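Sequence lines, in order, name chains A and B.
Adding 3 to a residue's 1-based position in the first sequence gives its number in my numbering.
Adding 99 to a residue's 1-based position in the second sequence gives its number in my numbering.
Treat the hints loosely; a few may be bogus.
To be verified - Calculated pairs, DSSO-like style, for lysine-lysine (alpha carbon to alpha carbon, straight line, at most 30 angstroms):
| hint | chain 1 | residue 1 | chain 2 | residue 2 |
| --- | --- | --- | --- | --- |
| 1 | A | Lys158 | A | Lys145 |
| 2 | A | Lys36 | B | Lys172 |
| 3 | A | Lys23 | A | Lys9 |
| 4 | A | Lys57 | A | Lys145 |
| 5 | A | Lys19 | B | Lys156 |
| 6 | B | Lys184 | B | Lys438 |
| 7 | B | Lys156 | A | Lys48 |
| 8 | A | Lys159 | A | Lys57 |
| 9 | A | Lys107 | A | Lys145 |
| 10 | B | Lys438 | A | Lys19 |
| 11 | B | Lys156 | A | Lys23 |
| 12 | A | Lys148 | A | Lys57 |
| 13 | B | Lys188 | B | Lys258 |
| 14 | B | Lys438 | A | Lys9 |
| 15 | B | Lys421 | A | Lys23 |
| 16 | A | Lys159 | A | Lys123 |
| 17 | B | Lys421 | A | Lys36 |
| 18 | B | Lys156 | A | Lys51 |
| 19 | B | Lys184 | A | Lys19 |
| 20 | A | Lys9 | B | Lys421 |
| 21 | A | Lys107 | A | Lys123 |
| 22 | B | Lys156 | B | Lys421 |
| 23 | B | Lys172 | B | Lys184 |
| 24 | B | Lys156 | A | Lys36 |
| 25 | B | Lys188 | B | Lys421 |
| 26 | B | Lys198 | A | Lys23 |
| 27 | B | Lys438 | B | Lys421 |
| 28 | B | Lys172 | A | Lys51 |
| 29 | B | Lys184 | B | Lys195 |
| 30 | A | Lys145 | A | Lys123 |
| 31 | B | Lys421 | A | Lys19 |
| 32 | B | Lys198 | B | Lys188 |
| 33 | B | Lys184 | A | Lys48 |
| 34 | A | Lys23 | B | Lys438 |
| 35 | A | Lys145 | A | Lys51 |
Note that these hints are calculated values from the structure, not bench results.
Just so you know, these numbers come straight off a predicted model, no measurement behind them.
Chain by chain, the residues:
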Amino acid sequence: MNSVGKYFSDIFYGLKSLWKGLMVTGYYFVHPKQIVTQQYPENRKELKMFDRFKGEVILKHDENNFHHCNGCGICQLNCPNGSIEIITDSVPNEDGKAERIIDKHIYHLSMCTFCGLCVKSCPSNALAFSQEFEHAVFDRNKLTKVLNQPGSRIKKEPKEPNAPKPAIDTVPKSNPAN
Amino acid sequence: MPFNIYDFSGTTKAIDQFLYAKMAPTWAFITELAIVGIIILLFYAVIGLYLVYLERKVCAFMQNRVGPNRVGKWGLFQTIADLIKLLMKELITIRKADKLLFNVAPFIVIIASFMAIAAIPFAKGLHAVDFNIGVFYMMAVSSIGVIGILLAGWSSNSKYSLIGAMRSGAQVVSYELSVGLALLSVVIFSGSMQLSTIVESQANGWWIFKGHIPAIISFIIFLIASTAEINRGPFDLAEAESELTAGFHTEYSGIRFAFFFLGEYMNMFIVASLAATVFLGGWMPLHIGNLQGFNHVMDFIPPIFWYFGKTIFIMYLIMWFKWTFPRLRIDQLLTLEWKYLLPINLVNILIISFIVLMGWYIK
Numbered sequence: 004m005n006s007v008g009k010y011f012s013d014i015f016y017g018l019k020s021l022w023k024g025l026m027v028t029g030y031y032f033v034h035p036k037q038i039v040t041q042q043y044p045e046n047r048k049e050l051k052m053f054d055r056f057k058g059e060v061i062l063k064h065d066e067n068n069f070h071h072c073n074g075c076g077i078c079q080l081n082c083p084n085g086s087i088e089i090i091t092d093s094v095p096n097e098d099g100k101a102e103r104i105i106d107k108h109i110y111h112l113s114m115c116t117f118c119g120l121c122v123k124s125c126p127s128n129a130l131a132f133s134q135e136f137e138h139a140v141f142d143r144n145k146l147t148k149v150l151n152q153p154g155s156r157i158k159k160e161p162k163e164p165n166a167p168k169p170a171i172d173t174v175p176k177s178n179p180a181n
Numbered sequence: 100m101p102f103n104i105y106d107f108s109g110t111t112k113a114i115d116q117f118l119y120a121k122m123a124p125t126w127a128f129i130t131e132l133a134i135v136g137i138i139i140l141l142f143y144a145v146i147g148l149y150l151v152y153l154e155r156k157v158c159a160f161m162q163n164r165v166g167p168n169r170v171g172k173w174g175l176f177q178t179i180a181d182l183i184k185l186l187m188k189e190l191i192t193i194r195k196a197d198k199l200l201f202n203v204a205p206f207i208v209i210i211a212s213f214m215a216i217a218a219i220p221f222a223k224g225l226h227a228v229d230f231n232i233g234v235f236y237m238m239a240v241s242s243i244g245v246i247g248i249l250l251a252g253w254s255s256n257s258k259y260s261l262i263g264a265m266r267s268g269a270q271v272v273s274y275e276l277s278v279g280l281a282l283l284s285v286v287i288f289s290g291s292m293q294l295s296t297i298v299e300s301q302a303n304g305w306w307i308f309k310g311h312i313p314a315i316i317s318f319i320i321f322l323i324a325s326t327a328e329i330n331r332g333p334f335d336l337a338e339a340e341s342e343l344t345a346g347f348h349t350e351y352s353g354i355r356f357a358f359f360f361l362g363e364y365m366n367m368f369i370v371a372s373l374a375a376t377v378f379l380g381g382w383m384p385l386h387i388g389n390l391q392g393f394n395h396v397m398d399f400i401p402p403i404f405w406y407f408g409k410t411i412f413i414m415y416l417i418m419w420f421k422w423t424f425p426r427l428r429i430d431q432l433l434t435l436e437w438k439y440l441l442p443i444n445l446v447n448i449l450i451i452s453f454i455v456l457m458g459w460y461i462k
């Protein structure tokens, strides 16, 4: 008797679970508003990329053309494919001592795998990912970029021990990868 | 020439008389054959192409996607573009394959579904042949297709193809029983195997309503078993992309592959139209008993629309199954047939015979 009961309960529960699945796909079928596909070239104007999207590496600049990079070269050391080159310069500061500043932060987009190690390892939190993704160009030399803008300078921290770093927001939202 | 969208028998008779008046009987007969052949061929190609499109759209909506939407408005010409691509592809000949059987196999699959289309009543007086054993003929013809699949698997000289073909053989031979018994239930109800008589017998209500619960059970069994018989998901073990690359048509390319693909979709159409004809009244409008007013309103919709509406509904059900249910293993597949569907079906047939004997169904 037990096995007969199991036979019929198997049929019943089988049909019930199949019906549950049918309801899920049936719900999606009659709700086309739930479609998640982005139709890219048409929605180019209103397309908003997600905060965590890794478009390309940028050096954050504020509105007064200040950045946080002191040219330490840690990003260059951490880059697994050598797509970052740091060229530093030495200038005397107000105390008369020679100080290292960044001359050119060269970034080869063509070699970058977007691993994010440079952004993670930057001690001054100067690098970030932008949401730009239309990288196609006709000349590959255009993929080699100088990240620090011309005339930009390092933003001097106020000389307080353990002061929190001021956030510079050229990127709309802070990157969780930082 | 009388043309009536509600009854095509006048039109076909007029064409017949016109041809016999103009030519010798032999030539008239041959001309008729040619006309019917060309019409069915065109119908076959168009339906096959747009079924693929329909399937892709339905699948996309069920998975929260958009589906093909680039070629033409709403992607309507996508499958035509695919066909042109397939036509231009190279036909790769397999070394050590059985050349003759390898080339013949896709045509056997196509011919099987092509022959089945001939017996389908599309509207009143609109079918190529009206056998008095129509249901039996449909079953016999549609089981020829499996020979094509077995030949394709054997002649390809590839292990994937052979395993796929053997699975397909086991599957089709098993599930044909359930399909036959499910159809037999309606044959018992209507007392005829002729498809046109079965349709006429549903003038006061479709068999799925008139036959109470047993008819519904046999309709569900027919849907399950016929989905298995046409090798569609969740019973697509003959193709089994995940473990057999593509099953029996692994070694086929270009237009020969397209024939298998087309045959698969046409089989779905045939199964759906058979289910619509037998259980849902075919081209017969929805009539409820003696409600004269309601029946009269329903009669205004031409039968051909009723037929295609019901067929598309059943095809939608089959697609819904494919894109929802998980696939079965080969042993689960045979368990489902031999331990569940077949015993239930046999008991169902007994109950139906008893109901018909006592006259308990809605007459």
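Status of each hint after checking the structure:
Simply put, Lys158/A and Lys145/A have alpha-carbon atoms about 28 angstroms apart, close enough for the 30 angstroms limit, and the pair holds. Distance restraint check for Lys36/A and Lys172/B: the Cα-Cα separation of roughly 19 angstroms lies within the 30 angstroms cut-off, and the hinted pair is therefore satisfied. Simply put, Lys23/A and Lys9/A have alpha-carbon atoms about 21 angstroms apart, close enough for the 30 angstroms limit, and the pair holds. Straight-line distance between C-alpha atoms of Lys57/A and Lys145/A comes to about 19 angstroms, which keeps the hinted pair within the 30 angstroms bound.
For the suggested pair Lys19/A and Lys156/B, the alpha carbons sit about 27 angstroms apart, so the restraint of at most 30 angstroms is met. A distance of roughly 45 angstroms separates the Cα atoms of Lys184/B and Lys438/B; the hinted pair therefore is violated under the 30 angstroms criterion. Restraint check: the Cα-Cα separation between Lys156/B and Lys48/A comes to about 27 angstroms, which is no more than 30 angstroms; the hinted pair holds. Simply put, Lys159/A and Lys57/A have alpha-carbon atoms about 28 angstroms apart, close enough for the 30 angstroms limit, and the pair holds.
Taking the CA atoms of Lys107/A and Lys145/A, the gap is about 16 angstroms. The hint holds against a cut of 30 angstroms. Annotation: proposed proximity of Lys438/B to Lys19/A holds, straight-line Cα distance about 19 angstroms (limit 30 angstroms). Simply put, Lys156/B and Lys23/A have alpha-carbon atoms about 22 angstroms apart, close enough for the 30 angstroms limit, and the pair holds. Between the alpha carbons of Lys148/A and Lys57/A the distance comes to roughly 17 angstroms, so the proposed pair stays at or under 30 angstroms and holds.
The suggested pairing of Lys188/B with Lys258/B holds, with an alpha-carbon distance near 24 angstroms, which does not exceed 30 angstroms. Between Lys438/B and Lys9/A, the direct Cα distance comes to roughly 13 angstroms. Compliance with the 30 angstroms bound is thereby established for this hinted pair. Proximity of Lys421/B to Lys23/A is assessed by CA-CA distance (about 15 angstroms); at most 30 angstroms being required, the pair is judged to hold. Of the supplied pair hints, the one linking Lys159/A and Lys123/A holds, its CA atoms being roughly 22 angstroms apart against a limit of 30 angstroms.
Annotation: proposed proximity of Lys421/B to Lys36/A holds, straight-line Cα distance about 23 angstroms (limit 30 angstroms). A distance of roughly 27 angstroms separates the Cα atoms of Lys156/B and Lys51/A; the hinted pair therefore holds under the 30 angstroms criterion. Among the hinted pairs, Lys184/B with Lys19/A is inconsistent with the structure: their alpha-carbon atoms are about 43 angstroms apart, more than 30 angstroms. The suggested pairing of Lys9/A with Lys421/B holds, with an alpha-carbon distance near 27 angstroms, which does not exceed 30 angstroms.
Distance check on the hinted pair: Lys107/A and Lys123/A sit about 20 angstroms apart at the alpha-carbon level, within 30 angstroms; holds. For the given pair, Lys156/B sits about 13 angstroms from Lys421/B by alpha-carbon distance, which is consistent with the 30 angstroms threshold. With a C-alpha separation of about 19 angstroms, the suggested pairing of Lys172/B with Lys184/B holds against the 30 angstroms cut-off. Proximity of Lys156/B to Lys36/A is assessed by CA-CA distance (about 15 angstroms); at most 30 angstroms being required, the pair is judged to hold.
Restraint check: the Cα-Cα separation between Lys188/B and Lys421/B comes to about 29 angstroms, which is no more than 30 angstroms; the hinted pair holds. A distance of roughly 48 angstroms separates the Cα atoms of Lys198/B and Lys23/A; the hinted pair therefore is violated under the 30 angstroms criterion. Using a Cα cut-off of 30 angstroms, the hinted pair Lys438/B and Lys421/B holds, with the two alpha carbons roughly 22 angstroms apart. Only pairs whose Cα atoms come within 30 angstroms are accepted, and Lys172/B paired with Lys51/A is accepted, the gap being roughly 26 angstroms.
The straight-line distance between the Cα atoms of Lys184/B and Lys195/B is roughly 27 angstroms, inside the 30 angstroms bound, and the hint therefore holds. Annotation: proposed proximity of Lys145/A to Lys123/A holds, straight-line Cα distance about 25 angstroms (limit 30 angstroms). Distance restraint check for Lys421/B and Lys19/A: the Cα-Cα separation of roughly 17 angstroms lies within the 30 angstroms cut-off, and the hinted pair is therefore satisfied. Between the alpha carbons of Lys198/B and Lys188/B the distance comes to roughly 19 angstroms, so the proposed pair stays at or under 30 angstroms and holds.
A hinted pair counts as satisfied when its Cα atoms are at most 30 angstroms apart, and Lys184/B with Lys48/A does not qualify at roughly 34 angstroms. Between the alpha carbons of Lys23/A and Lys438/B the distance comes to roughly 23 angstroms, so the proposed pair stays at or under 30 angstroms and holds. A threshold of 30 angstroms between alpha carbons decides the hint, and for Lys145/A with Lys51/A the separation of about 25 angstroms falls inside it, so the pair holds.
Consistency with the previously given hints fails for numbers 6, 19, 26, 33, ordered from lowest to highest.
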